[in-house]
Amino acid sequence: MRPSDAHLDTIVALATPAGRSALALVRLSGPGAESVLAALAPRLPAPARPREPRLTQFCDGQGAAIDTGVATFFPGPGSATGEDVVEISVHGSPVAVERLLAAAVAAGARPARPGEFTERAFRSGKIDLVRAEAVRDLIEARTPAAALVSARRLAGGLSQRIESVRLDLLGACVALCAAIDFSEDVGEVIPPAGLASLRRARAALAQLAATAETGRLLAHGCRVAILGRPNAGKSTLFNALIGSERAIVTEIPGTTRDTLEATVDLRGVPVTLVDTAGLRDTQDVVEAIGVVRAREEAARADAILYVFDASEGVSAEDERQLTGTGTAPRLLVANKADRALGDGAPLPAGATLLCGLSPDAGQKLRQIVSDAIASGVSTEATSEVLGSLRQRDLVLRAGAAAEAAINALDEGDSPEYAAAHCAEALDALADLVGETTSEDVLARLFETFCIGK
Amino acid sequence: MTQFDVLIIGGGHAGLEAAHAAARMGRRTALLTGSRPAIGRMSCNPAIGGLAKGQLVREIDALGGLMGGLADAAGIQFRILNRSRGPAVWGPRAQCDRALYARLAGERLARTENLTVLEGMAEDLVENGGRVRGAVTAAGRRIEAGAVVVTAGTFLNGLMHTGEKKTEGGRVGEHAAKGLSRALAGLGLALGRFKTGTPPRLHRDTIDYAACTPQEGDKPPVPFSFRTKRLPERQALCWLTATTARAHALIRENLHRSPMYSGQIEGVGPRYCPSVEDKVVRFADKDKHTLFLEPDGWDSEEIYVNGLSTSLPEDVQRAVLAEIPGLAHARMIRPGYAVEYDFVFPHQLRLSLEALQAPGLFLAGQINGTSGYEEAAAQGILAGVNAALSVAGQAPFVLERSEAYAAVMIDDLTKKGLEEPYRLFTSRAEYRLLLGVDTVLPRLLPHGRRLGLISDGEYSEAMRSESRLRKAERTLRERIFNPSLATRSVFRERLGIELEAQTNAYKLLQRKGLTIGRLEAVDPSMFANLDREERSILETRVRYEGYIRRERKRLELLKPFESRPIPEGFHYVGISGLSHEVIEQCSRRKPRTVGEASRIPGVTPAAIAIISAHVARAGRSGGPPPA
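Protein sequences, first through last, are from chains U and R.
Just so it is clear: in the first sequence, position 314 is 294 by the numbering used here, and no numbers are missing.
Take the position in the second sequence, starting the count at 1, then add 1264; the result is the number in the numbering used here.
Calculated from the structure, these hints are not laboratory results.
Small disclaimer: the values here were computed from a predicted structure and weren't measured.
There is no bait here: all hints are sound.
Facing chain R, from chain U, some residues (calculated, C-beta under 7 Å):
#1 Arg103
#2 Gly105
#3 Cys157
#4 Ser394
#5 Tyr397
#6 Thr416
Ideal Cβ placement from N, Cα and C applies to all residues, glycine included.
With the sequences and hints as input, model every part of the structure.
Shown next, in the form of structure tokens:
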């Protein structure tokens, strides 16, 4: 079924994670929410009192007790979804919750699809599409910074920015149209006020588009593969980076065979670090598989932390092992600085010399990695950050159209051409906030949500 | 059997187009007018066309209507407004000989087959079996017809004001239609009240032209109609002058004597063609407003003072004129006056202009709350066509917003609210670039031919220019220039361009500063058979080709949303998430598509999403097929 089938029926879902827990929250939304509640809670006096939590017993269709808990009725349109909503808190017993959901379905509700509650909030105009997306982004945030920018989007920060750009574009449109439609009365002039607001819109769109990379990094994070020849000290650096003794470290070359990963928060970006087997030609079947995996990790990584022994430098063998490992940027680390002697191999340009065992190694390494991948990330409270590729593409489209409008005017083209570009920019913004977004896009978008949200 | 298939009430610009169209479509047609000589009378300024309006005239012409040809024949000065802009916003305009225009219009109708002109005032409508089937005149004559088109203009309960003086009537010297308002209300139609103004008329020999600026027509003049082969070179002069601070002071002092400001006129006036009282009050910082002195015709002594609409008393008008350069000693033949009249809120109409709750009744023109001859005429021809189709049991003829300004107007009227008299602007169209005057013929001639309003001969004749243009475009693409030594030196010498790589004439014409005139220096054969107008059209078409492509793409992108059909009789009541206002508005206005619904005031994007979802659902569950 497509999302556009919704709106007539009442949906139900468990909003908290499945499994044993202290409490579980079951949500209902739709025109039948109140009657489903009446069926589940026969002792609750009807009609349900709005926004008033009531302790009551829940029963199945045969009157057999399920659990005792709290039910709250939120009548639409003042509810989260804009429809009648019921929230039921019960004990976190998977079996009892399962029975409660079954009883709700028996009373006329339908199990919700992923994101359906948010979709209904969007469709009933409670939130725009940008805020709907923020609900998902907040739930999926893996770092405090990612959660912060999502929360800001959810509160409407980005929507307000978009609205102010929209008003500027509209102002430009009005000025251009006046120049066309009233030239009879006012003579042929293009009001400068229109141009100023067009320039403002262009600047705001460019600034927003520039935040897309930050948004992408905060939401999706990145992968950094630690590569190097056996016994270069990769696992030592991995442990230093994550600040715990995850990887086994020995003096024996080839200790690490499988890949090992851990995620750390570097300036708000969830960075997944991957420790890999040392690169060398080997007859050992197990180790050889590890080397293949290391190369695969290198190919999919956003950056490679290449570790070598400071006393040996980067040799021809290093170069040979590195060929065919993708194009991700490489951060060179000369490890075992303590062992490097004055007559050691020269340090390649850009390489960092350190000792993986020293207490400040982790700090230094995190600095190197975050400088390389997250230098542009800004989560200042004043800036709004785009949250998805969809948003980025539409902001870029609107920005290009605003740019084209300015160019058309600069080139002396008649104002109706600039007005056409403004209309295009406005189309893109309407798509951005969900006013004209196609059903296919909406369907794909809400599928990425979790159930119960 | 009824006397007539289609009855038109009113012989103004809407009525005559409606009558002509219905008759040409082979229906036995009657036109009922209060006064035969008043057919095609210009009640306001003696001019046809202007921005957006001129495009409407070309559209009417391409659909087989009369206005363009009449304006060409009665025109005394032709100008294309916005000429320095692209063809999408050119506004052809003609100053006309008022008396000649009306005479030609009357003659034209008299010559039209299947058409009978009757004199009389309609007092009542005949309803029978749930359908409007005729009218009764004040003299008690009953005229039966399969469908009725009412084009009453400003005559419904018309009340004229000159200062404190009030006279009943829709135009000086003509009676108001009082019974018709009652009849329309009796059918359940909601009526509102609007006002409009006219300026004083001056005697041409009492104006000091030395104090005014002359305004000439275009040389050569360009006609409205594709049928007009040539216009006379001789053109009349118009003159410009302006109000003064002293005139403004006088107007301000006497505002209490203007019916609009003393509250005597209840109707709402247009924002765009405001009275001089309005202008002085609203633009208090401007110390002058331009006035256009427009001759009423070759032989007329009247000069129309465009820009000085007023309902101030005669003595104030005289005093104001005395303060205007060139008009100090002007003799007023007739003072300006305001007219108040009933109109029918047009959201009660279908896109065919048939009343939703009164089948068989079509309304067109000022009665629908519009202002302007051109707006009226465009509705007139479409109402006439649809009345003719309706009596034959055929589906209505409805144009898309991306096809014609006329469609933009009618969609706006029937969907959006109306707070003041509606005037068309190019900005009301979301696909303005697709609606240029240069594409009117290919857009609308095929419709005109299909409806039987354009003959095959006319069609192929008119499309000749279009095919010349298309051929020229092909030629330009096929004309390749290689950077040989010889060609390079020709380009350098004659165009001042360094030809560096192979290119074609089409791409060259897209370069900034390269015009057809300059390209001819390289190869004149490419443009040999194009006239001046066609060259200018070709130039912009080539230069802005990318824009047209993008505009079409926009149209395509929004089409699934815009054209998703809402089944006729779709029930809004009971859909959760829709506000009472949305339910009421949509139930009343019966949008045919989601796009139409989105233009109804108060219908939010969220409501559109819900309606859209429900329509999809209704479609899948085997609901009624889309209307």
